[in-house]
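Use these hints to put chain D onto chain Y, whose structure you have.
Residue numbers (my numbering), protein chains in the order written: chain Y, 1 to 407; chain D, 1 to 407.
Any given hint could be a false lead.
Which copy is meant is left open, so a pair is good if it fits within one copy or across any two.
30 Å max Cα-Cα, derived BS3-like pairs, lysine-lysine [as the list claims (entries may be wrong)]: (1) Lys-191 / Lys-54; (2) Lys-313 / Lys-237; (3) Lys-73 / Lys-188; (4) Lys-114 / Lys-69; (5) Lys-69 / Lys-191; (6) Lys-3 / Lys-403; (7) Lys-54 / Lys-73; (8) Lys-199 / Lys-170; (9) Lys-54 / Lys-3; (10) Lys-357 / Lys-96; (11) Lys-54 / Lys-69; (12) Lys-357 / Lys-313; (13) Lys-73 / Lys-3; (14) Lys-73 / Lys-178; (15) Lys-153 / Lys-188; (16) Lys-3 / Lys-194.
These aren't lab readings, by the way, just hints derived from the structure by calculation.
There are 2 protein chains.
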Amino acid sequence: MEKFQPPRGTRDLLPAEMAAREALFSRLRGVFRSYGYGEVWTPAFEDFDLLARKSGPDIEQELYVFTDKAGRKLGLRFDPTVPICRIVASSPNLPKPMRFCYLTNMWRYDRPQKGRWREFWQAGVELLGSPRPEADAEVLAVAADCMRAAGLKRFAFRVNSRTAVEALAKEAGIPEGKKADALRALDKLAKVGKAGVEKELQEKGIPRAKAEAFLGLVGQEGGRTDPGIARITELLKEMGITNVRHDPSVVRGIDYYTGFVFETMVEGHEDLGSVASGGRYDTLVGLYGGGEVPATGFGMGIDRVMEILGTGKAPVPHLLVAPVREELAGNALSLAGELRARGVACEAEVMGRSLRKQLEYANSRGIPHLLFVGEKELKAGAYTLRDMQTGKEQQLSLEAVAKQLRG
Amino acid sequence: MEKFQPPRGTRDLLPAEMAAREALFSRLRGVFRSYGYGEVWTPAFEDFDLLARKSGPDIEQELYVFTDKAGRKLGLRFDPTVPICRIVASSPNLPKPMRFCYLTNMWRYDRPQKGRWREFWQAGVELLGSPRPEADAEVLAVAADCMRAAGLKRFAFRVNSRTAVEALAKEAGIPEGKKADALRALDKLAKVGKAGVEKELQEKGIPRAKAEAFLGLVGQEGGRTDPGIARITELLKEMGITNVRHDPSVVRGIDYYTGFVFETMVEGHEDLGSVASGGRYDTLVGLYGGGEVPATGFGMGIDRVMEILGTGKAPVPHLLVAPVREELAGNALSLAGELRARGVACEAEVMGRSLRKQLEYANSRGIPHLLFVGEKELKAGAYTLRDMQTGKEQQLSLEAVAKQLRG
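Chain Y with its partners taken away, still in its complex shape (with noise of 0.2 Å):
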């Protein structure tokens, strides 16, 4: 019979993986509080009008679409900021800002590649309703701490602001109609560097010395002084975040961004490129109805991160309690139940194996410890708890096996 396999550009996150990331997903949600973001979480397929709003209907070429059996088109979210958006336009009266954080799945219909995943997760946050780079600089603050949280260290943000590019594009002398293609080819100056991004250029019928101009332009690091950009670092800097680099080429491909925009690199794994991005947008709110709403937000790539990470093993219970004879497979889950009220974590026979079935299995699980149940145990109160890598053995209360296991 033929194996199901998860559908291609998917696949399944067992107990090892998924441990991992609910600790680092705990350990983001204590950050994201600590700056009073309120989690959030919005249906996993939207109005495809409502996905297509912001980039045209081209982007149905990336998503997954579908139409309900009462004849609505719905797409599965491709992007955690504009169902967050869509809340915002239709509850204009919540005090400002508002801080939202979002932990959750979402779905592209990309070419599966290395970190990247058709089913793939983000964690972030919004802030809406301010206009301030004090607001984009809380933003990378967080994304900062989600970054030590994640228990990365070697890693430096790039930031650029979108309209200082734009500046930069006319100042070249590319024409206003063609400022938007400009920007999508430098947004691929790391993945195809300096020749791939002018021959876009002139592809898309910029002219060569123009090309040139502005990529010598944008090449002049540091060389100029974004008002904008100078102004958020300054204000990381009294944070004590100073591993903040004005990158002039950093546009972020996403097309909602209106300012400010920063990408998160981690050392030894720039092949993953940015594992947190983010930025400014100051219109998508009011795309949706909303009045404007100055915004800023970030997500982390949960994949990617998890890339680096790496998992341990799947977690393993303390003990398990091991009947000697079948018919005290009551005893032994009884047993079990008294260890879990106690704080130990504990499997329970429920095979009906012999014991010495039982050793191999508590041996393949990787189960520390074993405890035997018999009738002389039972009426003693007092059980025979077996160390499963040193083999050696005592004889405890459950209060003391409690003791010890937890300790």
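Same frame as chain Y, but now just chain D:
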């Protein structure tokens, strides 16, 4: 401009609701871990063939089904058990028993009604590899611990055996070919009453006398003892779980159960139906090419449980760090960072507002304290902490602020 809403039958979960859910999830994870269950996550969508295999292609009416750009027919997950069986079927060498748990959303194209959403959540366990009553007893014990972990005290389990109901159907003279129809009709007993079930039985071509005989036998509660149920009930009693009643009318709608089934009713909330249900499904893994793997499990309906529990208020941070002049915004950001490092959750002002406006904001958000940041305070290293409720103010060092608010 039109406002967008979540698609029909779905909703956004906002911070108050999410905080309550996360607290519940964290307690449920604790229960699962204490029994040795390892968490898994499976993709939101699966091959439609996988989803349809157990129920036949008619299930398509109840699912979100779509075709991806490569022509694969996919469907959104509508059940947590099928994907876990897929994992088990493709991993024949894992040591047995296997204990998997999940906390996940899923989707069903259903008529929206109270406690029933098109995107809904379940948390539960699957215990695979054991055909024995100890396994069923363990699963119900996990459910009992989950109910208690959710803070629910007044609940009762209704248990039954599918094989026992089938025997009653046979005894009543219902032909083998009509057995599935009879069980499906019986499943609606709580909803449509005895007359409704009789009507459906007759519509399915079962003569009135046989229908009455069947319902008569089913109604003899406790009058017959199914040996499987009796043993499970005995094991549960040994574990201290006594709120278990044998109810021959419990069938559970889903057609994969093969033996023991149970549901959980909360006193005063019977209208929500069962909040935690499960049973034995010995043939499901085999359906996906995994050989014979006896299995049992249960799932808790998180949306129904939340309906009972209700949600509190959205969490707010301890404190707003409020610069007295706009120019001190950077100092406020930086002090907020120092307070967070000392365990204080706080917002910093990012709107450039006057102190009066900041006080108004703290009030509207329900933030209980405000810390004033002025030049004098910065020089002295002592800040004014205001209790927003009493209006009381104290001069304190950051350390003292942290000590007071954390405590």
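Problem set entry | Violating hint indices (sorted, rising) | Failing hints, ascending: 2, 3, 6, 14, 16.
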